[in-house]
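Here the working numbering is used: the sequence shown runs in plain steps of one and ends on residue 1452.
None of these hints come from the bench; they were simulated from the model.
Take the hints with a grain of salt, since some may be wrong.
As the list claims (entries may be wrong) - Derived pair list, reagent style DSS-like, types lysine-lysine, alpha-carbon separation capped at 27 angstroms:
1. K1415 <-> K1333
2. K1451 <-> K1299
3. K1299 <-> K1393
4. K1393 <-> K1438
5. K1333 <-> K1161
6. K1451 <-> K1333
7. K1333 <-> K1299
8. K1161 <-> K1393
9. K1161 <-> K1138
10. K1438 <-> K1333
11. K1451 <-> K1438
12. K1393 <-> K1451
13. K1176 <-> K1132
14. K1161 <-> K1132
15. K1415 <-> K1438
16. K1415 <-> K1393
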Amino acid sequence: MGFINKLFKKVRGNASAIEAHDPSSGPRIIGRDQHAISRRDISDSALKVLYRLKDAGYQAYLVGGGVRDLLLGGEPKDFDIATDAHPEQVHKLFRNSILIGRRFRLVHVRFGREIIEVATFRANHTSDNSDNQARQADSGMLTRDNVYGTVDEDALRRDFTINAMYYNINGFTIHDFANGLEDIQNRTVRMIGDPYERYREDPVRMLRAIRFAAKLDFYIADETGDPIDELGHLLEPIPAARMFEEILKLFLAGQGEATYELLQDYNLFRYLFPQTQAAIEADESEEQRVETFILRALRNSDERISHGKSVTPAFLLAAFLWHPLQARVAKIRNMPPVPALHQAAQDVIQEQVKSTSIPRRFSTPMKE
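Hey, can you work out the whole structure from these sequences and the hints?
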C-alpha cells in the first residue's frame, strides 16, 4: 500500500477503500487534509499565474499531469493551468506572455526558461459551433477546438481520467471529475467518454495512452485499449512534424523499452516506423535479431536517462532505421560501397519523413 499512501495524508480509514464516484453529481472534492499536495511542491511561477488570475476575478486551477504527478509523489516536468479567462484576457494580465495555436488557442507565460501554459476551459465542440470556433473533419478529427465552457465541461473534454483532476488554490482542494483517484489506485489508464469517438477526434490520443501506461507502469483499460488496433490507421494523416514530437515524448522519457513493447502490443509501431516494421515482418528468422537490436538501443538510452545523461534523437532514429538501411544497401547495384551507403541513407530518410519529420540537425548526423 506504499503506492496509494502517497496520495493521501491524515486520511481516516483504509486507503484501499476509495470508492467510485458518480461524476454526474459533480466532482469529488478532496479536502486539504486528505491529500499530499503542498504549495511548496508547485512551481513559484505557476503559483504567480494562479494567484494573479484569482486576484483578477477569474477561476484558475492547476490541472492535468502536474496534479497527477504530484499525487504520485513525483516532480512534474510542467505545470499547466486552466481558467475561465479567455486567451486574450490572460494575455492582457501577463506582459511576459504570448498567444499560440490556432487549432487549440493557448497562452504561454514565460518566466526565464520556464513556461506556464494557460488554457481556457473548453466545452464539447457540438454545444456551440455558431461562431466557427470548432471544426471537425469527415473522419471525426477535430481541426479546431476553441469552444469555451465551464470547468465541469472542460474536465470531460480531457483525454484520460487520471488527467481530469484540478487543484484549486481556493481552499487547496482537489476536484476529481472522472474517478481519476480510483484509476490511480488501480494503476489504470482510462479514456473519458467513448474511446472510439475520442480517438477519432484526435488519433494521437492512442499514442498518449501508450505513453502514460509506460511512464506510470499502468494498465490500459480494456475499453480504452480495444479500439486502438482498429483505429491505428487514423495516425497516417497526422502531420509528420507532430508525429516527430510524439516520438520524442514516447522514446526520450526513460521508458523507451516499455513504450516500444506496448506500441507493438497495440500494433501502432508500424505507423511510426513503417520501414522498420516491414524489416521485422520480412523474415521470421530475422524478427528476433531486429527487435533485439532495437531493444538493446532503447535499454541503453533508458539507462542513460536514468543516470541524468543526455540522449540524442539521432541515435534512436538511426537505431530504428538501421535494418531498413541495410536492406536498402543490398538492393543498390553497380555503386561502390560508400556511395551506396550514402544513397541508401538518403532513400530511407526520405521514406521515413512521410511518417515523421526528421529535422536536419538530426538527419545529418544520422547519415554520418
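Violated hints - listed by number, lowest first = 1, 2, 4, 16
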